[in-house]
Amino acid sequence: MTRLAWTFLRSARWPRAALLAGFTALATALLLVALTMLLLPSQPAEALFSLVAEPGLRWGTAFATAMLVLPLLLMLNQVVRLGTATRERRLAALRLAGATPAEVRRLGAVEVGFPVTVGAMAGPLVFALLRTLFGGQRVNPAAGMHVVDLTVTPPSDVVATYSILNSTPALIPTSVSPAWWQTVAVVALVAAAGVMTGSLASRHLVASPLGVSRRERRPAPRPWGLLLVGTGLGAMAVAVSGAFGRGQAVMMAGILLVVLGVIALAPWVAFRSGQRAARRTSDPATLIAAGHLVSDPGPAGRAAAAVGAIGIVSGVAAVMEVGVFFYSRFIDPFFVISFALVGGALILVLLVTASTLAVHAAESLVDRRRVLAALVAAGTPVSVLRDALRREAMLTSMPLSVGGVLIGAVVAGVVGVAAADSTGTLAVNLAGLLFVCGQVTVTVGLTWVAIRIAIGAVAPRLLQATAPANLRTE
Amino acid sequence: MTEVILSTRAVEKSFGRTQALRGVSLELARGEVLAVTGPSGGGKSTLLHCLSGILRPEAGEVRYGGQRVDDLAEAPRTRLRRREFGIVLQFGQLVPELTVEQNVALPLLLEGHDRSAARTAARAWLDRLDVGKLAEALPGELSGGEAQRAALARALVTGPQVVFADEPTGALDTVGGEALLDVLLSTTRERGASVVLVTHDNRVAAHADREVVLVDGAFTAAGVRS
Numbered sequence: 482m483t484r485l486a487w488t489f490l491r492s493a494r495w496p497r498a499a500l501l502a503g504f505t506a507l508a509t510a511l512l513l514v515a516l517t518m519l520l521l522p523s524q525p526a527e528a529l530f531s532l533v534a535e536p537g538l539r540w541g542t543a544f545a546t547a548m549l550v551l552p553l554l555l556m557l558n559q560v561v562r563l564g565t566a567t568r569e570r571r572l573a574a575l576r577l578a579g580a581t582p583a584e585v586r587r588l589g590a591v592e593v594g595f596p597v598t599v600g601a602m603a604g605p606l607v608f609a610l611l612r613t614l615f616g617g618q619r620v621n622p623a624a625g626m627h628v629v630d631l632t633v634t635p636p637s638d639v640v641a642t643y644s645i646l647n648s649t650p651a652l653i654p655t656s657v658s659p660a661w662w663q664t665v666a667v668v669a670l671v672a673a674a675g676v677m678t679g680s681l682a683s684r685h686l687v688a689s690p691l692g693v694s695r696r697e698r699r700p701a702p703r704p705w706g707l708l709l710v711g712t713g714l715g716a717m718a719v720a721v722s723g724a725f726g727r728g729q730a731v732m733m734a735g736i737l738l739v740v741l742g743v744i745a746l747a748p749w750v751a752f753r754s755g756q757r758a759a760r761r762t763s764d765p766a767t768l769i770a771a772g773h774l775v776s777d778p779g780p781a782g783r784a785a786a787a788v789g790a791i792g793i794v795s796g797v798a799a800v801m802e803v804g805v806f807f808y809s810r811f812i813d814p815f816f817v818i819s820f821a822l823v824g825g826a827l828i829l830v831l832l833v834t835a836s837t838l839a840v841h842a843a844e845s846l847v848d849r850r851r852v853l854a855a856l857v858a859a860g861t862p863v864s865v866l867r868d869a870l871r872r873e874a875m876l877t878s879m880p881l882s883v884g885g886v887l888i889g890a891v892v893a894g895v896v897g898v899a900a901a902d903s904t905g906t907l908a909v910n911l912a913g914l915l916f917v918c919g920q921v922t923v924t925v926g927l928t929w930v931a932i933r934i935a936i937g938a939v940a941p942r943l944l945q946a947t948a949p950a951n952l953r954t955e
Numbered sequence: 205m206t207e208v209i210l211s212t213r214a215v216e217k218s219f220g221r222t223q224a225l226r227g228v229s230l231e232l233a234r235g236e237v238l239a240v241t242g243p244s245g246g247g248k249s250t251l252l253h254c255l256s257g258i259l260r261p262e263a264g265e266v267r268y269g270g271q272r273v274d275d276l277a278e279a280p281r282t283r284l285r286r287r288e289f290g291i292v293l294q295f296g297q298l299v300p301e302l303t304v305e306q307n308v309a310l311p312l313l314l315e316g317h318d319r320s321a322a323r324t325a326a327r328a329w330l331d332r333l334d335v336g337k338l339a340e341a342l343p344g345e346l347s348g349g350e351a352q353r354a355a356l357a358r359a360l361v362t363g364p365q366v367v368f369a370d371e372p373t374g375a376l377d378t379v380g381g382e383a384l385l386d387v388l389l390s391t392t393r394e395r396g397a398s399v400v401l402v403t404h405d406n407r408v409a410a411h412a413d414r415e416v417v418l419v420d421g422a423f424t425a426a427g428v429r430s
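Taken in sequence, the protein lines are chains A and B.
Just so you know, the first sequence maps onto residues 482 to 955 in our numbering.
Just so you know, the second sequence maps onto residues 205 to 430 in our numbering.
Accuracy of the hints is not assured; some may be wrong.
Unchecked claim - Computed spacing ranges between beta-carbons, pair by pair:
# : chain 1 : residue 1 : chain 2 : residue 2 : range
1 : A       : Arg953    : B       : Gly270    : 46 to 54 Å
2 : A       : Arg760    : B       : Pro280    : 32 to 40 Å
3 : A       : Glu584    : B       : Ser244    : 46 to 54 Å
4 : A       : Gly926    : B       : Glu382    : 28 to 36 Å
5 : A       : Pro496    : B       : Ala422    : 38 to 46 Å
6 : B       : Ser218    : A       : Ala583    : 43 to 51 Å
7 : A       : Ala826    : B       : Gly316    : 27 to 35 Å
8 : A       : Arg760    : B       : Gly245    : 25 to 33 Å
To be verified - These stretches of chain A come out as covered by chain B in the derived footprint (C-beta under 8 Å, 3 or more residues):
#  : stretch
9  : 596-604
10 : 852-862
Stated by the list, open to error - Facing chain B, a subset of chain A residues (Cβ under 8 Å, in silico):
#  : residue
11 : Val775
12 : Val883
13 : Leu887
Note that these hints are calculated values from the structure, not bench results.
Glycine is no exception: its CB is placed at the ideal position from the N, C-alpha and C atoms.
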């Protein structure tokens with residue numbers, strides 16, 4: 482069986498294995514970065530940006546860094562699904578040749594587990610590379626201490642010094658490193674999470690020697706994610722009220738629950754959005770897209786799930802930016818750089834998510850190539866199928882994006898108003914509202930553009946999928 | 205004299221070094237049912253694909269209603285297939301995510317019909333082919349025969365002049381296959397449409413007005429039956 486697994490590994494398409502290893506390596510490196518931030522002493526012996534250097538902010542920064550692993554796991558989930566149809570046929574053939582279901586499942590796990598483990602083991606190398614690029618520089622600890630009273634407008638020379646210290650791009654500590662056992666634990670954790678993602682994505686894989694049967698309608702997804710979102714919002718409210726102390730930890734738990742809730746809700750959003758569109762549309766492209774979403778909302782929903790998280794963070798950031806830029810007398814460069822970092826991180830996550838959607842679309846084309854070729858043979862223009870592909874991504878992503886930014890902006894707005902001891906003038910309030918609306922529009926617009934580009938990149942595959950040769954494909 | 209609706213002259217088509225069609229010439233009369241038979245790999249499906257404008261031959265010409273089809277660009281060929289031709293394949297090839305009714309309505313929606321008109325026409329064809337009660341089912345929930353009837357409804361809903369059927373009974377048992385053929389031939393004959401029937405089954409070919417046998421990409425002289 483080991484020999485067979487090795488043969489399959491060697492015959493598998495290398496881009497899939499490379500993507501699995503690459504994204505796992507990146508996820509491991511990000512977790513090591515977050516861990517290193519937490520290992521810093523309260524007074525670090527190196528120049529680091531305040532988000533990392535200040536003990537009060539460090540936990541939040543490490544938490545946000547660790548959260549960047551979520552879109553990578555969603556991407557891994559999609560990459561694992563690449564070539565599912567071929568794998569199903571191969572495993573069915575093995576079952577027909579006498580392999581037991583357990584043996585077949587083990588083969589599937591090895592196929593995913595090997596590149597994922599290799600990737601996790603390469604994670605420390607990526608971490609070292611990131612540390613070289615974004616690592617702090619050692620300084621005299623005594624010279625690194627600055628106290629600025631932000632309740633008064635500071636003198637210009639203090640502002641200049643403060644600005645220089647806070648504009649260091651160094652984000653990853655170099656003066657401390659995780660112990661060997663901590664590194665091993667992170668590598669093992671990521672490898673296990675990768676294998677688990679793989680097994681979850683492959684859980685519908687063949688159990689019968691005659692292949693996978695899709696005769697039954699899959700049950701509609703339920704909005705269980707709302708429970709997580711509700712619990713998360715409740716935790717955040719508790720953290721803001723300060724009722725139980727340990728506000729920062731409760732707030733982080735609340736944010737994590739909200740983000741996980743939005744990710745869990747994504748298949749339900751995809752299903753409802755598809756169902757609604759299928760009932761009303763006269764447009765063939767929308768009908769094909771909606772039908773696919775309704776019949777199998779899970780993969781499409783999970784592929785677009787991070788869009789909801791992007792929306793939430795962007796909505797919160799928009800409200801916080803209003804607080805800093807419209808209601809403060811002194812614009813602290815620390816906030817400017819922090820918002821720029823958040824914006825950069827969001828764009829990176831958006832790129833990963835758009836790539837995830839592209840991978841999902843490519844897989845869906847390979848899986849459905851015979852039906853698509855038959856549609857074109859019967860007179861459906863390829864342009865209609867291209868539109869269907871794009872609309873499928875939009876029908877899932879746009880509600881998540883709009884919903885996410887609204888949740889983020891409203892929650893942050895409510896918390897902000899509750900915490901504020903005074904309100905601004907009508908003009909300032911109006912300008913702030915317009916600013917939030919502008920950022921919401923930009924977030925949704927950028928998401929729209931990113932998805933269009935990602936699906937556009939897959940379009941050449943559509944021509945391959947609809948080729949007449951696929952009418953004969955088994 | 206019978207009007208020729210579809211014709212080919214010296215059509216050749218290759219896939220790599222394999223020559224699938226070697227100078228095939230053929231005429232199809234309006235209302236005629238033509239069976240194309242022969243062994244596997246003989247070029248039957250390739251001929252059907254060239255006749256219906258799915259593939260473009262490398263040499264020779266294909267004409268529909270006197271007009272060259274093979275030199276048309278992709279978009280007009282696609283429109284021609286949608287408006288003038290109906291295509292039925294071995295496994296139906298319905299879109300698995302759409303209901304049977306949505307599948308049948310799809311060609312009309314592509315033609316710009318509104319939703320309710322397309323649904324009404326689709327429902328009428330499904331009723332006529334005895335699968336009306338399955339309109340809300342998904343293709344995966346149908347038997348092979350039911351799926352082929354639905355595929356036939358999808359092929360006929362636009363009122364095609366020629367129906368191309370590639371092994372339409374290949375996945376059905378004898379009784380189911382006979383029933384499907386009866387429906388296919390009665391509905392097309394009633395409308396005066398022509399049928400090109402690709403099959404390797406002599407019992408199916410016996411239903412045709414004429415039979416040609418394709419071996420190694422060329423018609424055999426002995427294989428023509430009128």
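Each hint, compared with the structure:
1. Arg953/A to Gly270/B: 46 to 54 Å: violated, 31 Å
2. Arg760/A to Pro280/B: 32 to 40 Å: With Cβ atoms ~33 Å apart, the hint holds.
3. Glu584/A to Ser244/B: 46 to 54 Å: At roughly 34 Å between Cβ atoms, Ser244/B and Glu584/A fall outside 46 to 54 Å, so the hint is violated.
4. Gly926/A to Glu382/B: 28 to 36 Å: Violated: the Cβ-Cβ distance is about 59 Å, outside 28 to 36 Å.
5. Pro496/A to Ala422/B: 38 to 46 Å: holds, 42 Å
6. Ser218/B to Ala583/A: 43 to 51 Å: Holds, at about 47 Å.
7. Ala826/A to Gly316/B: 27 to 35 Å: violated, 46 Å
8. Arg760/A to Gly245/B: 25 to 33 Å: At 46 Å between Cβs, range violated.
9. 596-604: It is violated, with 0 qualifying residues against the three required.
10. 852-862: holds (count 9)
11. Val775: holds, 7 Å
12. Val883: violated, 25 Å
13. Leu887: Hint violated; Leu887/A Cβ to chain B Cβ min 30 Å, cut 8 Å.
In the structure shown, a violation is registered for the earlier hints numbered 1, 3, 4, 7, 8, 9, 12, 13, in ascending order.
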